[in-house]
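Protein chains in written order, with the UniProt record's numbering: chain L, 1 to 440; chain S, 1 to 286; chain C, 1 to 262; chain U, 1 to 197; chain G, 1 to 294.
Since the hints were derived computationally from the structure, they do not count as laboratory data.
Small disclaimer: the values here were computed from a predicted structure and weren't measured.
For glycine and all other residues, C-beta sits at the position ideal for the given N, C-alpha and C.
Some hints here could point you the wrong way.
[Stated by the list, open to error] To give an idea of the interface, some chain G residues facing chain S are shown, with a C-beta separation under 7 Å as derived from the structure:
1. Leu7
2. Ser8
3. Ser229
4. Ala236
5. Val269
6. Ile273
[Claimed, not checked] Capping the alpha-carbon separation at 27 Å, the derived lysine-lysine pairs in BS3-like fashion look like this:
7. S/Lys267 to S/Lys110
8. G/Lys288 to C/Lys237
9. L/Lys36 to U/Lys94
10. G/Lys63 to C/Lys192
11. L/Lys128 to L/Lys94
12. L/Lys244 to C/Lys192
13. S/Lys231 to S/Lys267
14. S/Lys216 to G/Lys274
15. S/Lys7 to G/Lys270
16. U/Lys80 to U/Lys94
17. U/Lys193 to L/Lys36
18. L/Lys2 to L/Lys215
19. L/Lys180 to U/Lys22
20. U/Lys36 to L/Lys36
21. G/Lys279 to G/Lys266
22. S/Lys216 to G/Lys279
23. L/Lys36 to U/Lys174
24. C/Lys69 to L/Lys16
25. L/Lys215 to U/Lys190
26. S/Lys7 to S/Lys260
27. C/Lys237 to S/Lys77
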Amino acid sequence: MKETPLSNCERNFILKAIENKERLDGRQSYDYRRIKLEFGIDRGCCTVELGETIVMAKVSCEVGQPKQTRPTEGFLYINVEFSPMAEAHFEPGKQTEQANEMARVLERCLRDSRAVDLESLCIMAGAKVWKLRVDIKILNYDGNTIDASALCSIAALSHFRRPDITVSGEEVTIHSVDEKDPIPLSIHHLPLCVTIAFFHQGTYCLTDPISREEKVMDGKMIIGMNKHREICTLQMTGNMLLNKEQVLRCTNIATVKIVELNDVLQNALSADEEARSSGKPYGTYVADFRKVTVKAAESPTHSMSEIEEEARSMQLDSDRMEESEEEVVENVVKNSWLLRIKESKANEAQKVKDTICSEIDEFLTTQREMSDLQQQSIVNNSSKNNGAKGQDQDAKTDTKRKRNQNRPKKKPDTQSTAKGESLDSATSQTKKSKGKRKGK
Amino acid sequence: MDVILSKSEKIFLTHGIEEGIREDGRAPDDYRTIDLELSVVPNANGSSRIKLGNSDVLAGVKCEIGEPDPGRPNEGKIIFNVDCSANAGTEWEGRGGDDLEIEISEFLSKAYSNKSCLDLQILGLIPGEQCWHLYIDVLILRNGGNILDAVSLAVKSALYDTEIPKVLIKMSEKGQSEVELTDNPSDYIIMSTENCPIFVSICKLGKGHVVDATAKESACTMAKIVSAVRKDGMITASQKKCSGSLQESSVLEMYEHCRKVGMELNKTLISKLSEAKNAPIVGFLA
Amino acid sequence: MAAWELLKDQNFRLDGRKPTELRRIETRLGVFPNADGSAYLEQGNTKVLATVYGPHEVKGGRGRSNPDKAVINCQFSKSAFSSSERKTHMKFGRNSSETNQHLVQALNAAVMSHLYARCQIDVYVEIVQSDGSDFCACLNASTLALIDAGIALKDIVTCCSATIVDEKSVVDVNYVEESSGSAVLIVGLLPKDEQIAYMQMKGRLHADHLEKLLDCAVEGCRNINNILKERIGEHLKTHSSHFTLTRPATPGRAERSRPAIA
Amino acid sequence: MGICEFGVITKADGSARYITDKSDAICAVYGPIEVKLSKELIDRSSIEVQVYPKSGNTGPPERLVETIIRTTLDSVVLTKYYPRSAISVIVQLKHDFDLSCVLNSVCLALLDAAIPMKTMFSAISVSKSDLDNSCLNDSTMNFVLDRNYKVLTSYSNGIWKEDELKLALTFATKKAESIFEFYKSSIERKLLKEERS
Amino acid sequence: MSIDIRLSNEKLQHESTDFSAERPLHLVIPGDIITREAGYMRGHGTYMENDVLYASVAGCVEKVNKLICVKPLKSRYTGEVGDVVIGRIIEVGQKRWRVETHSKLDSVLHLSSVNLPGGELRKRSEEDERMMRNYLQEGDLISAEVQSVYADGSLSLHTRSLKYGKLGQGSLLQVPASLVRRRKNHFHNLPCGASVIIGNNGYIWICPTINEQSDKTGGFVTNYERVNSSTREVIARLMNCATALAENMVVIYDTTLLCAHEFSLKYEVKELIKPDIAKEIALLTKQKIHNNDY
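Assemble the whole structure, with the sequences as input and the hints as a guide.
Structure representation (structure tokens):
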């Protein structure tokens, strides 16, 4: 079966929506979809669901000969396969360009950044080493397979236990699981990937694109990074042109997103440990970011600056980090994360209030029928404060509708330029802050 | 390169050869100008570049220590590998050149399999355990006809240029022999390449036959005989190519022709090689 | 070793270059007259041949052709004797197919492919000798070959690598520096508008250092671009005498060459 | 009995994940879809089956399972309704291999994809130890039974005596009953859920 | 038997004389600004961005009134109506032939655009369609004129004049199309004893002298008679001269070809393939035509 191309009207619709900072699934530009990690009964098997995208990784190992040039290093081989299950047009066993590219990016991200300690995989120098193999299978395809695969493979590698061995002279005994407890791999850091898709010649960018967005994008920037803000790989693909500022902005976005993803990974791993120790066969963990950033979701213009702000604060954090010990580093990151969680769990009414306040701000900037709206929103505000938690959703749609009613009054161009300005100001802000730091 | 010609073009070309006037004015046993350069690839132990008319070939020799063949414990090994670069034309893209690559490398190993061509004993280090492996990689950059002759010239020149590092054989504490490379880079051995064969291809077009056929002439060739000729006129390997059939008398005639041309070609090449060894390297910049 | 330390103290690199100094660049256009375009490029000891065939009719069925623009097809290969250790190059391996893809990506940014609807442009690159920054040399040579073929380009896409040695960012990385394990950034740039058409980084690098390294690579691209421009200019000058005769003498005849306004 | 989840593979026309104590399999069904010219059948649709192990490549054991699934489906699926088309069944194992689990996941996925079938089917593995606790023999017998408890396919390992086979069949029939019950309740749940949304 | 092996560094270094000084050329490379002034028309080899006209190829700027073009040193042939081209049939299709003319896309020759044997105004029948391969088959060479240029740049050819049609015995040579000078006539019977057709697409056909009256049959009567040795030698000499001119980037038209032929007479034909001699002849020719200021 051949691949069905995206219809032109769909294409235009998606592009138009992106121009208006809206996405098909109602997410905000930099939101990830719901992430679910599920570990297998076996060690080293992990499934990641990123929205509808499903990726499965399985780590296996065998003993083999090392390279002559690197006699004390083991191997890490990554294989990516698009299962015909994921799309009817994927041919079984065929190495597509896309799979090839993914495998190379992941290899650079995990192997060339020395995330997995390959020297610890050496059994006997020059003769025997462990060969690790990560098989990644895309079971359901709905875009952003790289981020999902990176998360999945590093989770599987962290989860994996290799058989224990005893070396006596020239002989190597590999112990079965019953004889000796298998041992975990030595992993130095946890690199994860964030993909940023670009549209309209690089004017708009999104994280975690779904497949329909991927079909209309100009290109993407894949950033592999760990929580210490160390970039592990960078890869620009597709037909687009970026300037330096855009590249640096990408890394700022990635910095924020990596912290989120890293947290998901850590929580999932500990969830699995917990489940296993309590006798369950395996553990699962679900994270939904859309709730966390609800505030941002309602005011698109603010989200960008917000994320930049966050990146900036994190940069400041990291400056402190470099001076202090590693443990402190973790704490700082965790604190900033906890802060956000707290924020999200805060009083529902407060949230709604914030939303409306931000709306008011928006309207203030465009200076249109301010008083009228304020009255409206005050009415809304009071009504929602009275309302129960369950009504929150309705309330939001309510405000949205009202906003839509108001929208035609605004000129679309002014809106977009206003956004552009705010973006620019945001970047200049970051620059300034950097300058300050340098000054110190 | 595949050249398509119309029927009348072929007739014009064939008649010309029968009359002894080739398309470019050469006589039937004239070669085009051969450009020779040695040591073009610094990363190789020996290398050469041969331009024969429009054909362009690069050959590199690399020495590595490996195990000898069990049947010949005292000898080294030579391994031929031919690569048809896509640079030569779109038809060699991807797997396009594979067949030709195998054909040429097989013919090269056949021609060099005769013991008298190259002294392989000199490549032996520790009998039965270690020896030199000479990897001879040929890169065909442009195919302007008569590629086989050009390849053989390049291989012979590259071997002439090859400097094999000298090694010391020591006895280790365990009583095993060990090979140690000398630190001095100017300490090397050179093989005698006097007896290395050169290919001579003779193409039969109509009633005449020619050496060093151009791409167009190859396209009208009915039968072709390729022989690997040593400087003393001995033929170490030969093959007949193309679809046409040959009578016994013309086969013999062509072989004789091969021998004659081959001896002359060997003589000219050998005389030029020593000169080329000391010539400055120009490479692809000229 | 002592000499090495001395070099390091004096702010020199292992091969005696300053951090922002490029290796010597030599070029030659039109190496193979049978091709539509060809170029040879030396970047220090990395030596590359590139050939362009086309634009021509799409090969392998009309299904592959694009009615709006050209299909660019790249094939990269590396001769067995190119590096210090002999290695037969896998034409269909993962790495080479990735390199092909990346070359296409970078060239697509420069080629005005809408002018060559339904056509195919083949770019073949052969590394004759390798000493680091292979991809950069390949891309630079491909650009030169495209120019030699008279294919319309928006700008001369140039590529340069950068890495960090002893906490200093250095440009145009050689093999020794490349294999030292620190992060290597490769940038393909359209210098006219300073637009990045290709970017790749491997190895680990703190995000704060990215800007510095990026600046370094971009600067390198700009310098390479200036050198290439100069070389193309020289080539043009020595080979353009025929224009004095082929260019139209009277306006009347030239009017036939209609403008390419769509 | 196990856990069943429908619609896991959203891109497919129907899919199901079936988890038992022993195994865990995902099955996706695409169909009826366009068929390759070489596989086209004039009077019915062709059934393509692909089975992928949890890691590594498809090998001979998977090929065997593919054949078993195909022969079972050939007799169950009403292929003549969709001439010149293909029904593609893909199974991905997430844990150890178990034939009955794979086959049941296929049946559930076909139900989800609403591919017309003559009858539902259930697969049961019976090992000798199921029949006789004292038996340490690991011979297994796999039955695929239709709605009327008639045997569609069977596949055995080890040595089985005739009377043992009969015993195994009655055991399987009993188990099949509960599996069909399970199918029914799962489908009911799924339909209810769809109705609600 | 002649075998000539030379070392690469032995190549003669002729100092190249700069002729461009007489008529200064405006040379540009891709990305160079041609003009910032408004009001110019964008021609081939240029593009407009933010009201600035840039070059997209490396070559020479040509300004004709308000139209600015950049002509590259060499490129694939871009056809214009009325050009004389030489092409090779590569496919026989339904009612048309596909012709390779070294342009970016294959050209077509419609059955309706050829003269069929037996009269110019004969109606094309189904019989003719079946017989197409008998007229022109794969590999055959034709001379033709560009009838029209399609939107995608591919050419439609015609041979509806008795001077065009299938080519018989002779030699074909391919040179960069940019070296061919556009002339009124591209068919020449040279006084040295051969005919030459210089196609605008860079294909040059050299053949025994065409007899004006009897040979103009549209090429459907093929002559397989042996060509005599002296003619052959002239053809070979002309071939080598044209190759020498092309390799040294000297413009090619009847005058330069004759000029080179004249200079070559002091050498034997086979000596002309030696790169040094070829270069010498090309440079002499170049000098001469510049001095005469053609």
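Okay, which hints does this one fail, numbers in order?
-> Violated hints (numbers, rising): 11, 16, 20, 23, 25, 26, 27; every other hint is consistent with the structure.
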